[in-house]
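Let's have the full structure, built from the sequences with the hints guiding it.
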Amino acid sequence: MTVDTAPMATEALDSPRSKQAMKARIARRYAAERRFRAYGVAAILFGLTFLVALFSTIMVRGYSAFLQSAFTLDVHLDPSAFGSTTPPSETDIRMADYTKLANRALFQALGVDPANKADARAASQLLSQNADVQIRKTVEADPTVIGKSVQLSLLAHGNVDTLMKGHFDRSVPENRRQLSDKQLGWLDKAAEAGLLGKHFNTGLFTYGASSKPESAGVGVALVGSLYMMAIVLLIAVPLGVAAAVYLEEFAPKNLLTDTIEVNINNLAAVPSIVFGLLGLAIFINFMGIPRSAALVGGLVLALMTLPTIIIATRAAVAAVPPSIREAALGVGASKMQSITHHVLPLAVPGILTGTIIGLAKALGETAPLLMIGMVAFVVDFPTTPLDSATALPVQIYMWATAAERGFVERTAGATLILLAFLVCMNVTAVILRRRYERRW
Amino acid sequence: MLNVQTNELQQGATKLGGALNPHKVAAKDVSVYYGEKRALFDVTVNIPDRGVMAFIGPSGCGKSTFLRCINRMNDTIPICRVTGKITIEDEDIYDPSLDVVQLRARVGMVFQKPNPFPKSIYENVAYGPRIHGLAGSKAELDHIVETSLQRAALWKEVKDRLNDPGTGLSGGQQQRLCIARAVAVSPEVILMDEPCSALDPIATAKVEELIDELKQNFCIIIVTHSMQQAARVSQRTAFFHLGVLVEEGATNDIFTNPNDQRTQDYITGRFG
Amino acid sequence: MSTSLLFLIVIALGIVGWFLGNWRARASVGGKTSALHSRPGYYGAYVLLWTTLPAVFLIIVWNVLSPIAVSSLVTAKLPENIQNGPEQARALTMSTVRMIENGLSKLSPEDLDKTADPATDVKALLMSKGAPLAVTPEPFAVDAARYQLTLKNSSQLLLTLSSIGLAALGLAFALFQVSPKLRSRNAVETVALAGLLGCSMVAILTTLGIVLSMLFESIHFFSIVPIQNFLFGTVWDPRFSSAGSGSGGGGEFGLLPLLWGTLYISIVALLVAVPVGLFSAVYMSEYASRGVRMTAKPLLEILAGIPTIVYGFFALITFGPLLRDLGAHVGLSISATSVLTAGLIMGVMLIPFVSSLSDDIINAVPQSLREGSYGLGATQSETIKRVILPAALPGIVGAILLAASRAIGETMIVVLAAGIAPNLTLNPFEPVTTITVKIVSQLTGDLEFNSPQTLVAFALGLTLFVFTLALNIYALYIVRKYREQYE
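The listed protein sequences correspond, in order, to chains A, B and C. If you're matching positions, the first sequence starts at 0 in numbering that gives the first Met the number 0 and goes up one per residue. If you're matching positions, the second sequence starts at 0 in numbering that gives the first Met the number 0 and goes up one per residue. If you're matching positions, the third sequence starts at 0 in numbering that gives the first Met the number 0 and goes up one per residue.
Hints are computed from structural coordinates only; laboratory data are not their basis. Among the clues, some could well be false.
25 Å max Cα-Cα, derived DSS-like pairs, lysine-lysine [unchecked claim]:
1) A:Lys136 with A:Lys99
2) B:Lys137 with A:Lys18
3) C:Lys480 with A:Lys252
4) C:Lys105 with C:Lys122
5) C:Lys31 with C:Lys76
6) C:Lys384 with A:Lys22
7) B:Lys84 with B:Lys23
8) C:Lys480 with B:Lys112
9) C:Lys180 with C:Lys105
10) A:Lys18 with B:Lys23
11) A:Lys334 with C:Lys384
12) C:Lys480 with B:Lys118
13) C:Lys151 with C:Lys180
14) C:Lys105 with C:Lys128
15) B:Lys112 with A:Lys22
16) B:Lys27 with B:Lys84
17) B:Lys118 with C:Lys384
18) C:Lys105 with B:Lys137
19) C:Lys384 with B:Lys112
Next comes the structure, spelled out in structure tokens:
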């Protein structure tokens, strides 16, 4: 080993390594180090700032959706409004003119002369068009109230709600305002007298679609989402667990199982809208399941969730140490028994976590549901999975594209409800993981 | 008490040998803590320039920990704390004003497992000179790469494929590439942490031969669990046990006539 | 007997079989169950499987094949001119026949006999039973309907008899086999294993379903609009013709403006997501203390859990108007829905996709490489830039490709934030539209399904699927390869 030795170190390196040059270089290198670090901090702050902005915007816009303005009125259920027979027939109760009753109560409360046609019309515009339904439901629930006066909280019109929530600009000239000076006068008086106030908005959780913001709610959409989640659970979990167990424990290494693997990984990354097209072509056109049905939505979402559950279950099953399987096999259990008796029970927390995360993803999914006609205007609660239904995120989409101002608040409110569900599910998943996480 | 003994020995050796160089690295009362646990107890040792110093001892005795103190690699472990004083040419390396990046340019390191970067052979060797700005031109850099590879006795084997990935070399070649990489920044001290433990006997022989060459220009400190290797390559040997430096002296003395019973037991294979 | 009732009966028989098998196994060894090859439950399951599986299989196959057979038999009975006439007319007749048959099934046997007489007013008769018909049926259609009803009834009767018979046969056969030597557990487990394999085949079936359904509808579309007009056309103007015109209805279906919009928005999104995601990942894995990592990482990952409709809504009500106002301040005219709005919001959505995958990949780079670099006196950022990132590059490229695939397929953000005007523009402040937006808008109207305006959605879907599939498979391949390298 003959090498020309020492000169190199001294000659070649001495000049750039002079103390001065070296010092400057080191300073530059440390400045680069600080810059690099700052980029990292900036990147994280960017993401977090956006997160805060998103949540705060939606909260600020949405919290008022949980309050709703309503008039507290003594409604006299005049027997003459319910036809001539006593007790009134069901048809009479259904067909009675409740709007008139509601208006009468309102006029009385505001001191409006019903004979003055212009005033009467202006005053009646303050009540929601849904007020009659509210009175009808009260009467239908208990027909004995007919003839008596009942105190009811009747929804105010969307414009009144806007005023009560402080989004109304009184400085705009009267002819370009939604509410006239006279109406404003009545409303101020009513608010002072305690006849008009804001209450917790139960309607948001119980109503269905409506073209009037004050009587629109996510109740129907929630039920639709619930149906779909149940279908996803029933289909995706058993299929997913079975597939994962096969792939992790039994699958020989061959072309078929390789194809399945590639398929599953790829399906997890296929755009969700493509699953919607699949649902439209296969479940609706080919199998003939009705459009807009919760069943189709559930099936599509189940197929979408399947890869998530399979991947999570495989990880959970793979995390069970081989020694457990060997112990079971050692006492003469079959492979199937060692898995069902030992491996799967130990993998349950992991499977549950994966399932919840998959469900949360499915709950927030919108695009595929648009493909299978779930954008329908659904007013009634679906009673079977084959009825027309809609889902919470789809409801948000429909409201987001609606024109009325009142719907912006509803949209943000519905988004808050959706986010609340998702937060609950993810927190459950995290707790599950923390509590049952086992280190082998 | 031990320290006194080793110091006396050291002085004795210096007197006897006469030709030994002055101390390059000196450690005084160095202790290392990992969180609450103390891993090294008041180690004091002087290491001469241009020669090979071997640290031996059973696994977990603290020899690697001490080695990593010398170029402050322990800084990368958050819970690790070092007390005492280590100087290189009378400069305290734990002085707050000292720059760790510069220190590591002066104290190179070769690791237990060959760890070439996933780049070409050329880029692996050029990496150090590049980050430290040691070469003013491409020609200079080429020269540094070539001489470093020659010093690592690898030039003949790789000169025609400098652009091939370094990870494609054999284990022994990879380790010599790592040595070339360390040599390229012309350090004063080279630390070697069990450099042959992942190599086969033939590759080991080559690396040992290389260490023998390099000691003419560098101060080399090598941690090894092989007593034969320590005997073959080093001039001085230190024996560590349970975090304590038990005994240090000329390699010949340590292996033929140790002072301490523990050293005696270890080299005769009673434990370890 | 309806098919679902038939299923229930077969399953009930199976449960009976389980008890019988269990009992017979115990009886065969005089209650000393340890003398059996398997636990008694396995004998029960063995009998259950033999009882139910063949019968259920028969029911399924029958239900698939019988309608095809019935329909071809009925078609053969139709007059010559309809049989040889155009396909649409034949389909129309068949659907009338189906409607009449549906009504006939509600009639009593005597009334049914009456319909054989051409003089009977079938329409009125059906009306009285609550099955109104839109048209006055021709006699041959009524005959065909009656024939179809007869066929269906006899087919169902045959199915009922044969499936219950098969179930009983299976039960008897399996029960006869039960003996202490019978390896019932092995047999049951083999069936269970086949079941597991079947479940994992669902993934393949889904992919197959996606490909086939979109391929068929696309071929249908391309038979109306030439494929080169679709792929290379620069004008998108599907012209919503009135439903039922069927003959193409004019309109141009050029993919390029949509493809351009999709790619432009995705590029903007990646320009945001890649640097931010990568720097976050690097900071998280190389610099951040444990505490910072434990809080910042899950917080950033929340971004991935937010439904995209929420991003879209945010873009629509806050971010788009904000950008527009900002632009107005500096004299730029930025449309509220634009490439920039959609791209930026989508970029934020993609940050966690890039960062968590990159984080995993950076962590997989062996510690020894870091030490090697530090040992030579490199600073941390030099180590990251010159050693770690180059080593992790293939994996990071994979992560970016996966993010790109997600950007291309993203729907709700672009539906709400990108606009609907197909626009071949380079100006990021103008609205563009994307493939996904057009799929949604073509399919959410009340259009006739067979018009090119609807079918084009499948051609677009196929394009989207092919694009993302190629990206995904390539990305997953390099990520996997990268992982193997350091295992």
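### Query
Does A:Lys22 lie within 25 Å of B:Lys112 when you go C-alpha to C-alpha?
Given that 25 Å is the threshold and the Cα spacing comes to 33 Å, the pair is violated.
### Query
Does A:Lys136 pair with A:Lys99 here, judged by a C-alpha cut-off of 25 Å?
15 Å, holds
### Straight-line alpha-carbon gap C:Lys151 to C:Lys180, limit 25 Å
45 Å, violated
### Query
CA of C:Lys384 to CA of A:Lys22, is that 25 Å or under?
Roughly 22 Å between the alpha carbons, so the hint for C:Lys384 and A:Lys22 holds.
### Query
Between C:Lys480 and A:Lys252, is the straight-line Cα distance small enough, at 25 Å or below?
Within the cut-off at roughly 17 Å; holds.
### Message
For B:Lys137 and A:Lys18, compute the direct alpha-carbon distance and say whether it is at most 25 Å.
### Response
22 Å, holds
### Message
C:Lys480 and B:Lys112 were given as a pair; does the straight-line alpha-carbon distance stay at or below 25 Å?
### Response
This hinted pair holds, its Cα atoms lying about 23 Å apart.
### Query
Within a Cα-Cα threshold of 25 Å, do C:Lys105 and C:Lys122 meet the stated pairing?
13 Å, holds
### Task
With a cut-off of 25 Å on the C-alpha distance, tell me whether C:Lys105 and B:Lys137 pass.
95 Å, violated
### Query
Are the Cα atoms of B:Lys118 and C:Lys384 separated by 25 Å or less?
Since the Cα atoms of B:Lys118 and C:Lys384 sit roughly 13 Å apart, the hinted pair holds (cutoff 25 Å).
### Query
Quick one, are C:Lys480 and B:Lys118 close enough, alpha carbons at most 25 Å?
Holds, at about 17 Å.
### Task
With a cut-off of 25 Å on the C-alpha distance, tell me whether B:Lys84 and B:Lys23 pass.
14 Å, holds
In the structure shown, a violation is registered for the earlier hints numbered 5, 9, 11, 13, 15 and 18, in ascending order.
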